[in-house]
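Asker: Each chain, written out:
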Amino acid sequence: MAKKVKTDAATALEGLLFDGMTVAAGGFGLCGIPENLIAAIRDSGMKELTVASNNCGVDDFGLGLLLQTRQIKKMISSYVGENDEFMRQYLAGELEIEFNPQGTLAERLRAGGAGIPGFYTKTGVGTLVAEGKEHKEFDGQTYILERGIVADLAIVKAWKGDEQGNLIYRKTAMNFNPDCAMSGKVTIAEVEEIVPLGTLDKQAIHTPGIFVNFIVQGEHEKRIEQRTVRAA
Amino acid sequence: MPWDRNQMAERAAKEIDDGFYVNLGIGIPTLVSNYVPEDYDITLQSENGMLGMGPFPTENEIDADLINAGKQTITELRRTSYFSSSTSFAMIRGGHVDLSILGGMEVSQNGDLANWMVPGKLVKGMGGAMDLVAGVKRIVVVMDHANKKGESKLLKKCSLPLTGAGVVDRVITNLGVFDITPDGLKVVELAPDVTIEEVREKTEATLVE
Chain Y
95 MAKKVKTDAA
105 TALEGLLFDG
115 MTVAAGGFGL
125 CGIPENLIAA
135 IRDSGMKELT
145 VASNNCGVDD
155 FGLGLLLQTR
165 QIKKMISSYV
175 GENDEFMRQY
185 LAGELEIEFN
195 PQGTLAERLR
205 AGGAGIPGFY
215 TKTGVGTLVA
225 EGKEHKEFDG
235 QTYILERGIV
245 ADLAIVKAWK
255 GDEQGNLIYR
265 KTAMNFNPDC
275 AMSGKVTIAE
285 VEEIVPLGTL
295 DKQAIHTPGI
305 FVNFIVQGEH
315 EKRIEQRTVR
325 AA
Chain F
12 MPWDRNQMAE
22 RAAKEIDDGF
32 YVNLGIGIPT
42 LVSNYVPEDY
52 DITLQSENGM
62 LGMGPFPTEN
72 EIDADLINAG
82 KQTITELRRT
92 SYFSSSTSFA
102 MIRGGHVDLS
112 ILGGMEVSQN
122 GDLANWMVPG
132 KLVKGMGGAM
142 DLVAGVKRIV
152 VVMDHANKKG
162 ESKLLKKCSL
172 PLTGAGVVDR
182 VITNLGVFDI
192 TPDGLKVVEL
202 APDVTIEEVR
212 EKTEATLVE
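Protein sequence lines correspond, in order, to chains Y and F.
Residues in the first sequence are numbered from 95 upward in steps of one, following our numbering.
Residues in the second sequence are numbered from 12 upward in steps of one, following our numbering.
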């Protein structure tokens, strides 16, 4: 078996977890979340985690599972409206939240992984988000400095991958995964299928394997948050 | 009669030009796509990484990997493309999206918008709203003219934490259409049988007629 391929999520995480670490987790709502790696982190009991992820799952699925077990000390997210447990812990002072505008969060992860320690954006200028941050003018417009995020560990979900860690994603399950994959000092990808090397379209690889340290195949429940239909 | 939700959405749809790339917020803005002319070539952008959002699926079209920014299941179109969140916000922040129609809690007469937080009550986060108002070429807010207590939502100055400062171009309420200008809120159009006196009475912001 190639070095990057691991048999399961727990094996892939061996030796990588420590209390207080920063984890970047892909997904948007419950779409494209690394379900098996989240469950394995829960089972490890590792705590005081800082988690950078757009949302925090729901109370009983996704990152919400790590809230239930009190393993998260701080979230860096753009929206956390779907968890009652989140609100409860936050209002009780048991959980820190650093709200990042969604685009700022995405770019912080991408930039951190791309060796860009800071970048300027107009997003948040004149709001609470800009407090304490360096402001700079370019062409008569004001921007604020935001920092790149380099996570100790990135956990991402992809559709298919190969033994070199090349990944492709499916539809809107892509979302933050490519940016998280770049951001991690160590990146683990869980995929629905590990395909034979050479079978992915080389011109259409979304995350080149250089960004991926380990890859795990798994089963995914793929829960739907808002099942919205029109009449047939 | 002041406009109802659907009529406000219908009026908001007139802000969309043929060929536009548009981002629609949750709530009333979602209804806007129902009123865009059939022969218009419009592309809806979804901030979670999709251009060319289709309608809601039928029961057997549901795909867990295909949702919009409100986390509802949707469908794709022939023109659809998928991309990462960083690319999505490059489009938004980089001024490539023509129009964003979103809801509001408060709008000030100089175009400040507050629509993400009520301290102590609603602290769920801003999502993509701050990026949208900072980057998209034109910002149109669709909201009720007054809140549940009957107080004006069009103010001299916002009391709630801002989503953006000086970002709003136009506001559509149940009473009419208003533009942000250097002198104040300019009345562009009134809903049927709504008088300017009624609007003056119900608006705290400075009105320019």
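It should be emphasised that the hints constitute simulated quantities derived from the structure, not laboratory data.
Please note: incorrect hints may appear among the correct ones.
Computed footprint of chain Y on chain F, listed as stretches where at least three residues anywhere in the stretch have a Cβ under 8 Å from a Cβ of chain Y [stated by the list, open to error]:
| # | stretch |
| --- | --- |
| 1 | 129-140 |
| 2 | 205-214 |
Computed far set for chain F versus chain Y, every beta-carbon distance over 10 Å [to be verified]:
| # | residue |
| --- | --- |
| 3 | E58 |
| 4 | L166 |
| 5 | N185 |
Note that CB positions come from ideal geometry on N, CA and C, so glycine has one too.
Asker: All hints, please: hold or fail.
Answerer: Checked hints:
1. 129-140: holds (count 7)
2. 205-214: violated (count 0)
3. E58: At about 6 Å from chain Y, F:E58 fails to clear the 10 Å cut-off, so the statement is violated.
4. L166: Holds, because the least Cβ-Cβ distance between F:L166 and chain Y comes to about 16 Å, which exceeds 10 Å.
5. N185: holds (26 Å)
Figure legend: structure checked against the earlier numbered hints; hints not met, in rising order: 2, 3.
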